[in-house]
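Undergrad: Please dock the two separately framed chains into a single complex, following the hints provided.
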Amino acid sequence: MSFIEFKNICKKYEKADKNSVTDFTLSIEEKEFIAFVGPSGCGKSTTLRMVAGFEEITSGELWIGGRQMNQVAPRDRGIAMVFQNYALYPHMTVEKNIGYGLKNMKVPAEEIKKKVDWAIDILGLEEYRYRKPKNLSGGQRQRVALGRAIVKNQKVFLMDEPLSNLDAKLRVSMRNEISKLHRELGSTTIYVTHDQVEAMTMADRIVIMKDGVIQQVGKPMELYEHPVNKFVAGFIGSPQMNFYDVFIEENKMKFKDGSQIMLPDVVAEKLKGRQGELIMGIRGEDIKLDGQNLDLYASEKQQAVIENTEVMGNENNLYFTFGGSQTVARVSKYEISQIGDTIDFVLSPLKMHFFDKNTEESILEKQNN
Amino acid sequence: MLTKRQKTFNYILAAVLLVLSLFFLFPVIWMLANSFKGDAAITADMNTVSAFIPPALNGSFFENYVSILTNTSFLRYMANTLFYAAVLIVLGIVVNGLAGYALAKIKFPFRERWVLVILLLQIVPMETIITIHFLMIAKMGLLNTIVGYILPMIVNPFNIFLFRQVFLSLPDDVYEAAQLDFCSPIKYFFTMVLPMSKTVVATVSVFTFLGVWNDYLWPSLVFTSSDLLTAQIGLNSITANENTTMGQTLAVITLVTIPVIIIYSLFSKQIVEGVTSTGSKEG
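For the record, the sequence lines run as chains E and P. The numbering of the first sequence is this note's numbering, which starts it at 1 and goes up by one. The numbering of the second sequence is this note's numbering, which starts it at 1 and goes up by one.
Just to be clear, a hint being listed does not mean it is correct.
Unchecked claim - Chain E side only, calculated, beta carbon under 7 angstroms to chain P, not exhaustive:
#	residue
1	Pro74
2	Arg75
3	Asn85
4	Pro90
5	His91
6	Tyr100
7	Asn104
8	Tyr224
Unchecked claim - Straight-line alpha carbon distances no greater than 30 angstroms define the calculated DSS-like cross-link-like pairs of lysine-lysine that follow:
#	chain 1	residue 1	chain 2	residue 2
9	E	Lys96	P	Lys105
10	E	Lys103	P	Lys187
11	E	Lys270	E	Lys288
12	P	Lys269	E	Lys155
13	E	Lys115	E	Lys96
14	P	Lys105	E	Lys103
15	E	Lys219	E	Lys7
16	P	Lys187	P	Lys269
17	P	Lys105	E	Lys134
18	P	Lys105	E	Lys12
19	E	Lys12	E	Lys210
20	E	Lys272	E	Lys210
21	E	Lys106	E	Lys134
22	E	Lys169	E	Lys219
23	P	Lys269	E	Lys113
24	E	Lys15	P	Lys107
25	E	Lys134	P	Lys7
26	E	Lys113	P	Lys198
27	P	Lys198	E	Lys132
28	E	Lys132	P	Lys105
29	E	Lys134	P	Lys198
Stated by the list, open to error - Cβ pair distances, simulated, as ranges:
#	chain 1	residue 1	chain 2	residue 2	range
30	E	Ser40	P	Leu20	28 to 36 angstroms
31	E	Pro108	P	Ala86	41 to 49 angstroms
32	E	Gly138	P	Thr257	45 to 53 angstroms
Worth flagging that the hints you see were computed from the coordinates, not collected in a lab. By construction, the Cβ of each residue, glycine as well, lies at the ideal position given by its N, Cα and C atoms.
One chain only, chain P, in its complex shape (with noise of 0.2 angstroms):
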């Protein structure tokens, strides 16, 4: 039983989370409620209580959000990140998996040495490395290419660490086990590590997810044509169009928002223990 005092800390903490939550989340609710208004009305509203409420549901409700997916090609281009994304998770765990895989339980000279290699990758920031990316990528003729895109993102040496780390706790003995049951390496991998690996496959995935979701600079650079485009970069294009209103943007952006808001509240536990496991986590 909690005793009257500590129940009132309860309450009183309660109170200040929800204070502080609100704080953090009042541009999110600012730019909700304004992307369903014309600018007329968002500058009206922007020094009183109301520009944190939406307007009227009427006829007029969701226009931002109409002439952004019928006039531009937003929509194109959040199915375009949709897609590399796919596409990243599946090259990504099986090249990084293998990777790790390799790393953990076959032995090979100077193992540890790689790892400590791998790792030291990490330091190097994705921005002091991208014009050897961008120029190789042109070298090869892959400007403006999916592949060209795809290409320098499937290695990722952080997702190798935490499948290695991950890989070390799996028994021998099943990986035994299994010879003997007539499964060759490459099948045991697909169907006995990753199904019995699916936390850390499943925070691999969503990392990368948000990786290419978020990504702005590596697809700006590789890409010219409009048909290519990724979410942020058709962001950026349609928010700096001087014909598009500021309810458009806000509408833009809403969309924009909308999967990481549902990847995180669907994988937030993945997330966490993603982060966890790659401080002591050891076999």
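Pulled out of the complex, with its shape left as it was, chain E reads as follows (with noise of 0.2 angstroms):
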């Protein structure tokens, strides 16, 4: 058994009439740092809670550590938790709400003050020791909280979006930081974030949820390069993939726009005899406009309009139309065009990704976690 093990975990809120969280199943290896990631509203806060305990769960079953803890109550869990809103102590010192914890736990006082002590020291606290949360930053204050998390030695620490309210300069060294803290301290992580690129910087595994249900677990490059269905596609990465309506005809792909290409049999092998309307779905880094490509594909080559760009000093993004949709390609900062150019590319043909009209779900991939 894992460390942690979500079996068909559900959740249905009083007088909702739906499932807030489905079917929820999932092993945790000790000292995994894996992230919940989806849009708002799609159950991973929910989940979380329901690990911590703060939230019932309605059936299913949560094991942390070999014991079951649907009915335990959230402090004999042995977690640690870290909030979006700090949630400090407002009328204890910094250095009062680390220790907090430990005071209530009857640690003797000189342990808690070395390990309060040490909390202070590896999250660079010391001179705001004697304030209180009110005349700290958000910055300052979540490195508190973290704080507080840390001191207890719990075997798990959970997430709920603790960089969410805090710049976005700051939000990458608070990121740099906490996996820094995870790899220090080896305690299994759950963390749970709206922004995939926190999800795909941090974590060992990434877990993507919409609608209160799994869609995908995989480590980051996993989900990136083989998404199981349209939407982890376009969750992941930005900027966004790219997703076309198309009809494919024996090795044959028409767009809605009326243009051509045809696929290489490898590809066309994939997609084990499907025919008909597809959707067909390509990062912008897999749309090329070098000349070797250009020379490569040189029979598929295709045209369009640069409509917008988007600077970024070491990618560019390009925005056209193609395909009867809004495409953006990422090219390299020598590939940079003005706005009303014409330029030629081709789809690198291996990096598509072909999903069911209806369903949505991959054709190429197949779910194994």
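TA: Put into structure tokens, the structure is as follows:
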């Protein structure tokens, strides 16, 4: 049995007509960093709160460390949590906030001091030690909240959108700090976020949820390269994957605007004989403008007029209409074009994803967790 | 910058307010000035401006106060009342605070109805149920005891409502964090909720103090033994005594007024907040 086991967990609120979380089954190994990610209302926070014990589990089983936790009080689950709004004790100083749990655990005073000193030290809070939360910035407050979680030596860390109240720059640096802390402490961590970048950069594995149902579980690059459905494909990655309604006939792929591409045999084989209407998805970086690729797929060369550009410095996004859809291509800084330019490009056929038009399930990938 | 016209207006306004406040203050000033005089002087000054001017500071200046404090048990009555107020403040905060907390944060059936019922109790004036209180306390054999006096005074629907309104706005995640920090619900109430709600605690304390200090009816029914009497009843019995002079009467009234004036001037902010927060201030 894994360290944390979710077995068919469902959550249904009173008076709600459908489940907030449905049939959530997942195994988390010890020391893993797992991110729950999805749009708001997808049930990720509810699931986390069920792990913490703040929400009752309607049906299914939750096991932590070999012990069933459904009926166990939050304090006895061996967890520490970092909240979105920090949830610091407003009338206590930084030091008291961090040491409060230890004090209640009846830890001897000198040991509390030692642990609080250690937390204050690694979180860089020394000069704020005697300040109260209202006199701290958002980043400092979140560090205090982290300190409060790490001093208790709990096996499981739960983090509920801990960075969403911070500004962009601080978010990046806190992201690093949390990753570093996780490596040092080795606590099993469940991290809830709506930001796929946070999930991609920090997590060992990502759980993507939508409408209370797990869509896919996997390592960041697995999700990126092998999404099992259109939702995952669209959610992971920035800029978003381009999608086209296409019609496949033999090896020929027809777009809505009449453009046509011949698929190489390898790709056609992977479609397992699927013909007719499909959804084709391709990431911006797999739309190629460089000479080498244009030569390679010379027969499938397409043309479009650039409508907008986003200059990032290292890379640039080019926006144009192709195949009846708004398309974004991500190109290197050497391939910058101006708005109004006509460009030649090819779609890298081996990087195409195909989804069923009705179920939106991937035709190439199978969910395996 | 204020224009000249605004300045003139402000001066006029200040003058009007000054006259108005003197109008309200003059009985108090009269009381204070005459509490230092003998009866002969009070009568003599009655129709002159010196009715508002204290006598010259001499050996007999504090005579009325000295005689009240030495010849009557008034100091004792004041001490009694302060003691009752202190006990009722502590018990009132615990009992009404816990009730308000439950009504704000704990989910149970018909919670909102309960709030309504408690609010409805506000409509019932104390005087209409005081006989029932009296009969119950009498049946319990608690007449003329401190417990008998305090027991029916602890619960106060207004304070419950006041606490609830403030506790509604406390964030739930702090409670959740405290749970994970091994803090029990009762401990949470005393070490987190009350310190986070200092303003309402102060407001309720002030209201409770003023209520106890100014109450006449209930202590007059419960207490018969003179050892337990409160300041207001003491005041009444002293002033009703034929041998008490006019000056002494005014001295007693002044003594009774002093704590109220101190409390009002120290806590006027809390009192105003307490009154306004009962209106529309919602979570």
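Undergrad: Determine for every hint whether it applies to the structure shown.
TA: Evaluation of the provided hints:
For proline 74 of chain E, the interface hint holds, since its Cβ comes within 7 angstroms of a Cβ in chain P; the closest pair sits about 5 angstroms apart. Evaluation of the arginine 75 of chain E hint against chain P yields a held restraint, the C-beta minimum of about 5 angstroms falling below 7 angstroms. Taking 7 angstroms as the C-beta cut-off, the interface hint given for asparagine 85 of chain E holds, the closest approach to chain P being about 6 angstroms. For proline 90 of chain E, the suggested interface contact is upheld, since its CB lies about 6 angstroms from the closest CB of chain P, less than 7 angstroms.
Interface hint status for histidine 91 of chain E: upheld, as the beta-carbon distance to the closest one in chain P is roughly 4 angstroms, under 7 angstroms. Checking tyrosine 100 of chain E against chain P by beta carbon gives a least distance of about 5 angstroms; that is within 7 angstroms, so the hint holds. A least Cβ separation of about 4 angstroms between asparagine 104 of chain E and chain P falls short of the 7 angstroms threshold, and the interface hint therefore holds. For the restraint placing tyrosine 224 of chain E at the interface with chain P, the shortest Cβ-Cβ distance is roughly 33 angstroms, beyond the 7 angstroms limit, so the hint is violated.
For the hint linking lysine 96 of chain E to lysine 105 of chain P, the alpha-carbon distance of about 25 angstroms falls within 30 angstroms, and the restraint holds. Of the pairs offered as hints, the one joining lysine 103 of chain E and lysine 187 of chain P holds, with about 13 angstroms between alpha carbons and a cut-off of 30 angstroms not exceeded. A hinted pair counts as satisfied when its Cα atoms are at most 30 angstroms apart, and lysine 270 of chain E with lysine 288 of chain E qualifies at roughly 22 angstroms. Of the pairs offered as hints, the one joining lysine 269 of chain P and lysine 155 of chain E is violated, with about 48 angstroms between alpha carbons and a cut-off of 30 angstroms exceeded.
The hinted pair formed by lysine 115 of chain E and lysine 96 of chain E meets the criterion: a straight-line CA distance of about 12 angstroms does not exceed 30 angstroms. For a cut-off of 30 angstroms, the pair hint linking lysine 105 of chain P to lysine 103 of chain E stands: about 25 angstroms separates their Cα positions. The suggested pairing of lysine 219 of chain E with lysine 7 of chain E holds, with an alpha-carbon distance near 21 angstroms, which does not exceed 30 angstroms. Distance check on the hinted pair: lysine 187 of chain P and lysine 269 of chain P sit about 29 angstroms apart at the alpha-carbon level, within 30 angstroms; holds.
For the hint pairing lysine 105 of chain P with lysine 134 of chain E, the CA-to-CA distance comes to about 24 angstroms; that is within 30 angstroms, so the pair holds. This hinted pair checks out: lysine 105 of chain P and lysine 12 of chain E have alpha carbons roughly 21 angstroms apart, not beyond 30 angstroms. About 15 angstroms separates the Cα atoms of lysine 12 of chain E and lysine 210 of chain E, which keeps this hinted pair within 30 angstroms; it holds. For the given pair, lysine 272 of chain E sits about 28 angstroms from lysine 210 of chain E by alpha-carbon distance, which is consistent with the 30 angstroms threshold.
Restraint check: the Cα-Cα separation between lysine 106 of chain E and lysine 134 of chain E comes to about 28 angstroms, which is no more than 30 angstroms; the hinted pair holds. In summary, the hint linking lysine 169 of chain E to lysine 219 of chain E is supported, as the alpha carbons are separated by about 25 angstroms, within the 30 angstroms threshold. Note on lysine 269 of chain P and lysine 113 of chain E: the hinted pairing is violated, with a Cα-Cα distance of about 39 angstroms set against a maximum of 30 angstroms. The suggested pairing of lysine 15 of chain E with lysine 107 of chain P holds, with an alpha-carbon distance near 15 angstroms, which does not exceed 30 angstroms.
Between the alpha carbons of lysine 134 of chain E and lysine 7 of chain P the distance comes to roughly 40 angstroms, so the proposed pair goes past 30 angstroms and is violated. Restraint check for lysine 113 of chain E and lysine 198 of chain P: satisfied, since their Cα atoms lie roughly 28 angstroms apart, inside the 30 angstroms limit. For a cut-off of 30 angstroms, the pair hint linking lysine 198 of chain P to lysine 132 of chain E stands: about 16 angstroms separates their Cα positions. Only pairs whose Cα atoms come within 30 angstroms are accepted, and lysine 132 of chain E paired with lysine 105 of chain P is accepted, the gap being roughly 25 angstroms.
Distance check on the hinted pair: lysine 134 of chain E and lysine 198 of chain P sit about 16 angstroms apart at the alpha-carbon level, within 30 angstroms; holds. The hinted range of 28 to 36 angstroms is not satisfied by serine 40 of chain E and leucine 20 of chain P, whose Cβ atoms lie roughly 57 angstroms apart. Separated by about 36 angstroms at the C-beta atoms, proline 108 of chain E and alanine 86 of chain P break the suggested range of 41 to 49 angstroms. Separation of glycine 138 of chain E from threonine 257 of chain P is about 50 angstroms and conforms to the stated range, judged on CB atoms against 45 to 53 angstroms.
Hints 8, 12, 23, 25, 30, 31 from the list above are not met by this structure, while the remaining hints are.
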